Amino acid sequence: MGARAGLVSFDLNAIGAMSCNPAIGGLGKGHLVREVDALDGVIGRAADAGAIHYRMLNRSKGSAVWGPRVQADRVLFKAEVQRIVRGQANLSLIQGEAAALTLSGGRVSGLELADGTTFEAPRVILCTGTFLGGTLFRGEERFEGGRIGENSAQRLAQQLRSADLPMARLKTGTPPRIDGRTIDWTALPEQASDDESWTMSAMTKARVNPQVFCAITRTTEVSHEAIRANLHRSPLFSGAIDAAGPRYCPSIEDKIHRFGDRDGHQVFLEPEGLTTHLVYPNGISTSLPVDVQHDMVRAMPGLAKAEIVEPGYAVEYDHIDPRALTPDLQVRAIPGLHCAGQINGTTGYEEAAAQGLIAGLHAAADETGKSAPALDRANSYIAVMIDDLTLQGVSEPYRMLTSRAEYRLRLRANNASTRLTGLGIEAGCIGDDRKTWFESREEAREDLQAMFEIKLHAKALADAGLNVRRDGGEKPVAEWLRHDGIELDDLAPWLDRDMSEHAELAEEMAEDAAYAPYLARQEAELRDLRASEGLRLPADFPFNEVPGLSSEMIERLSSARPPTLAAAGRVPGVTPAALSALLVYARRWQTAA
Amino acid sequence: MSDTIFAISSGAPPAAIGVIRVSGVEAYSALRSLTGREFKPRRASLATLCDAKGLPLDEALILWFPGPKTATGEDLAELHCHGGRAVLQAVFQALAAMPGLRPAEAGEFTRRAFANGRIDLAEAEGLSDLLSAETELQRAAAMQMAGGSFSRQVETWRSTVLRLSAQVEAALDFSDEDDVSDLPEQFKQDLADFTRELEGWLLRPRAEKLGEGFRVVLAGPPNSGKSTLFNALVESEAAITSEIAGTTRDVIERNVAISNVPFSFVDTAGLRLDSEDTIERMGIDRAQGELAKADLVLWLGQEGGGPANAWEISARMDASDYMPKGEARFELSARTGEGVSALKHALVELARQALPKPGEAALNARQHAVLSEAKQALGRATKEADFLLCAEELRQARAAFDRLIGRATTEDMLDALFGRFCIGK
Chain A
1 MGARAGLVSF DLNAIGAMSC NPAIGGLGKG HLVREVDALD GVIGRAADAG AIHYRMLNRS
61 KGSAVWGPRV QADRVLFKAE VQRIVRGQAN LSLIQGEAAA LTLSGGRVSG LELADGTTFE
121 APRVILCTGT FLGGTLFRGE ERFEGGRIGE NSAQRLAQQL RSADLPMARL KTGTPPRIDG
181 RTIDWTALPE QASDDESWTM SAMTKARVNP QVFCAITRTT EVSHEAIRAN LHRSPLFSGA
241 IDAAGPRYCP SIEDKIHRFG DRDGHQVFLE PEGLTTHLVY PNGISTSLPV DVQHDMVRAM
301 PGLAKAEIVE PGYAVEYDHI DPRALTPDLQ VRAIPGLHCA GQINGTTGYE EAAAQGLIAG
361 LHAAADETGK SAPALDRANS YIAVMIDDLT LQGVSEPYRM LTSRAEYRLR LRANNASTRL
421 TGLGIEAGCI GDDRKTWFES REEAREDLQA MFEIKLHAKA LADAGLNVRR DGGEKPVAEW
481 LRHDGIELDD LAPWLDRDMS EHAELAEEMA EDAAYAPYLA RQEAELRDLR ASEGLRLPAD
541 FPFNEVPGLS SEMIERLSSA RPPTLAAAGR VPGVTPAALS ALLVYARRWQ TAA
Chain B
594 MSDTIFAISS GAPPAAIGVI RVSGVEAYSA LRSLTGREFK PRRASLATLC DAKGLPLDEA
654 LILWFPGPKT ATGEDLAELH CHGGRAVLQA VFQALAAMPG LRPAEAGEFT RRAFANGRID
714 LAEAEGLSDL LSAETELQRA AAMQMAGGSF SRQVETWRST VLRLSAQVEA ALDFSDEDDV
774 SDLPEQFKQD LADFTRELEG WLLRPRAEKL GEGFRVVLAG PPNSGKSTLF NALVESEAAI
834 TSEIAGTTRD VIERNVAISN VPFSFVDTAG LRLDSEDTIE RMGIDRAQGE LAKADLVLWL
894 GQEGGGPANA WEISARMDAS DYMPKGEARF ELSARTGEGV SALKHALVEL ARQALPKPGE
954 AALNARQHAV LSEAKQALGR ATKEADFLLC AEELRQARAA FDRLIGRATT EDMLDALFGR
1014 FCIGK
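Residue numbers (my numbering), protein chains in the order written: chain A, 1 to 593; chain B, 594 to 1018.
None of these hints come from the bench; they were simulated from the model.
Note that the coordinates shown come from a computational prediction; the quantities given were computed from them, not determined experimentally.
Yeah, the Cβ is synthetic: ideal placement off N, Cα and C, and Gly gets one too.
A hint or two may mislead.
[Said to hold, decoys possible] Label pairs and their calculated CB-CB ranges:
hint : chain 1 : residue 1 : chain 2 : residue 2 : range
1    : A       : R536      : B       : K633      : 23 to 33 Å
2    : A       : A520      : B       : P815      : 50 to 60 Å
3    : B       : L796      : A       : M203      : 50 to 60 Å
4    : B       : R756      : A       : R527      : 21 to 31 Å
5    : B       : P692      : A       : R588      : 41 to 51 Å
6    : B       : Q946      : A       : F259      : 40 to 50 Å
7    : B       : T749      : A       : Q392      : 22 to 32 Å
8    : B       : T641      : A       : R536      : 46 to 56 Å
9    : A       : Q392      : B       : K633      : 15 to 25 Å
10   : B       : R756      : A       : I84       : 43 to 53 Å
Produce the entire structure from the sequences given, and follow the hints as far as they go.
Dropping the structure here:
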């Protein structure tokens, strides 16, 4: 986009290191990866470069809730991130501890490193992960840091806390890493990588790495006994950590405590890479003391002789209440300062990548006089997430879920390019390769469109053994695709067209055709949404002056600061009566201004 | 919301008293200018109203309600004046002359109440019906809406659909966890029960019926006694003044309340189905149209010659050549009135069945349409095997409930709604 940027990190060689689970994507998260990729972000390409296991979650359900997920080799993933970052034009890599923001006239004016070096910059984006005031907990042990063996940013945390920003603490955790050579794989059921050819990034031509399998084991009553007997030694229960962790990814001690009646919890044993023996036991994140972790692990099938290489731990870190941010992820109180990732109260990787993209796009667009792509809840999960964060705030690390997106049928992981790449090209954030690819794809679309209009007789389909009524008459391909059990492949004999080059596009268009009646029913709702998105509530909108709003409503609206009337409707607890009061007042206020 | 508005809030003068309402920031200063004195909140006080030159206009009872806990959510004053036209006109002019005050537009008081969060959409709709209610039945139904009991019902439905949605969403978003597998057995059953509950609501008599009245059409050949019976039915009863715009007046229509039940009686042109005359033919077509719209047809012609389900009436008991129908439901004399009250009694009984029951919330056309959408979405969800599409149908149902109580409000809808109110309500 033409902006010059610097990337400051404790350790440049750690850029691209995966802190937790070496997996990218999943339900909802896979959508984010595809969307970031559609806007030419890095995460999808790096995931493919590192992928050693592909799995399409929810495959048995409708395609809008499929969740592409890969397990990545940590080394390969990081190498690809490093390669892309180091090859990025206009980006300088700077090693050092970002210690303090420099401010001037209430705005951000630059950054000071711990060694005293200063940089001038009209925009600073904080992506602190779990490093801001990070503390690690393991049983009775405490370490300062954002990841095991690394520093944490304490000075910056101090500055932000004293800047009167709404800061709070969240926690997350990681399981012990196991030496794969000590696992009895033969005793355990395997889960193979799926044998399809899909990839995370639209720009990846084919899967590159050998694929490995995972194994599935379970915690046992003996594991649970070990945990129960030592709950008081877990910092989560001893009171040492009072920050909220993710409900969607609870620690094993939490699971035992909350679902005491369960006799076991599923655990996936995921290899961390092709060149390492480390195995990540997904499902037993913990901060129990090392000896308890040991007993718990050894009580599981296939793990009787397992050796723990690196014990699990919990990390507690600072985050900002994201309601203090505007939709471009800028801190309302400190113009020029953006925040992205776990600092905004989300979980990591996918959510973080999407926020980094948004903060970066807006910062660059503002400084270069361009416009960032117009994202909203009807065109992207990214916008759903940003909207949720900035309006509703968080009470636990925010994790993307498909149920958060009301226009889910439109927002499929496999149509992200169609939805977003065009917008990205307009905004100037798409590289030449993807642009060329996208343009040729759009040409193919026109051609394929004609195919969907070809009319076919019911009789012909029935004769060929398809489950349709013979007297169903003549209908275009698009309509036949709405019938239960008719897929594009079934109709191929009549279409006389080689779709192999654009198979994924043809599949996407076939899904559009199948969902068309549902999408049509949403049109009126979308018109309403866009109309009330059109009624802006500017930054200085006086919620406290709106007649008839109770003090509770004023409090809710003032802390979330919804930018539009539609957004106000999504602030939790705001009543219909309050909305209409807002509508009337906002219209007058707009006319008066 | 800067203007202070005022209007005569009681019925059209002349009347014993005329109430003028003033709402807005200038309400209190308007009171002071008119009376030259101070008022305590929520106390009735007698005061002399004077114009700008100090000339007395009227002795009035003044009520002063400081906002925001008032009907409109603003400062509100009520002036209970004597109800003569000239008196009210004079006070009206004195108010209009004050800076910042202007006469209210149609529905503006209620609109402010809504805008200030004093009432929600369903309550506002109920209030609109309440204010135009002319019979006890209409009033009772409107009270149900205005009192918010329908809004509470919709909230209950909304949480029911949310609970059902949560089950589908869990199956969609957490299917990889072994804790969550398929939908519980009970799910489809709950969904079907819920759909049936809404069906029951949709089958209930509609609110419009209360406004329009139970429609009884008198039909039969010329000189069969229709007009005489028509007059006998409507004459001694309380006329309902509201007229329905746009209906053709080839037929004569009267709205009356019998035993507090609203009726609309229609006298059609004589039906001669063999007519060759074009103009008469057109009149007959209209009469046929009336028969189709009727809730009940009283058939005064030859037995069996009327529409299905019509009541066979022999209306000429007093005639010398009287020949009762074999299966007449009522024999009467429209001229002498004999037997008419028995007919009226039967009509009231029938109409009570067809009109909303007292104390039961009745849906208006808009609410009925939106609730049908919700029911249809739920019906489709019940049949849908694909969880994803089932979830989408449930979401559509939820969106419909939101529209019912104004959670997803559009400006057009608000304008349409508030245009229905009379000035000063």
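So, going through the hints one by one against the coordinates:
no.: 1; hint: R536/A <-> K633/B: 23 to 33 Å; verdict: violated (43 Å)
no.: 2; hint: A520/A <-> P815/B: 50 to 60 Å; verdict: holds (53 Å)
no.: 3; hint: L796/B <-> M203/A: 50 to 60 Å; verdict: holds (58 Å)
no.: 4; hint: R756/B <-> R527/A: 21 to 31 Å; verdict: holds (29 Å)
no.: 5; hint: P692/B <-> R588/A: 41 to 51 Å; verdict: violated (19 Å)
no.: 6; hint: Q946/B <-> F259/A: 40 to 50 Å; verdict: violated (55 Å)
no.: 7; hint: T749/B <-> Q392/A: 22 to 32 Å; verdict: holds (24 Å)
no.: 8; hint: T641/B <-> R536/A: 46 to 56 Å; verdict: holds (50 Å)
no.: 9; hint: Q392/A <-> K633/B: 15 to 25 Å; verdict: violated (45 Å)
no.: 10; hint: R756/B <-> I84/A: 43 to 53 Å; verdict: holds (46 Å)
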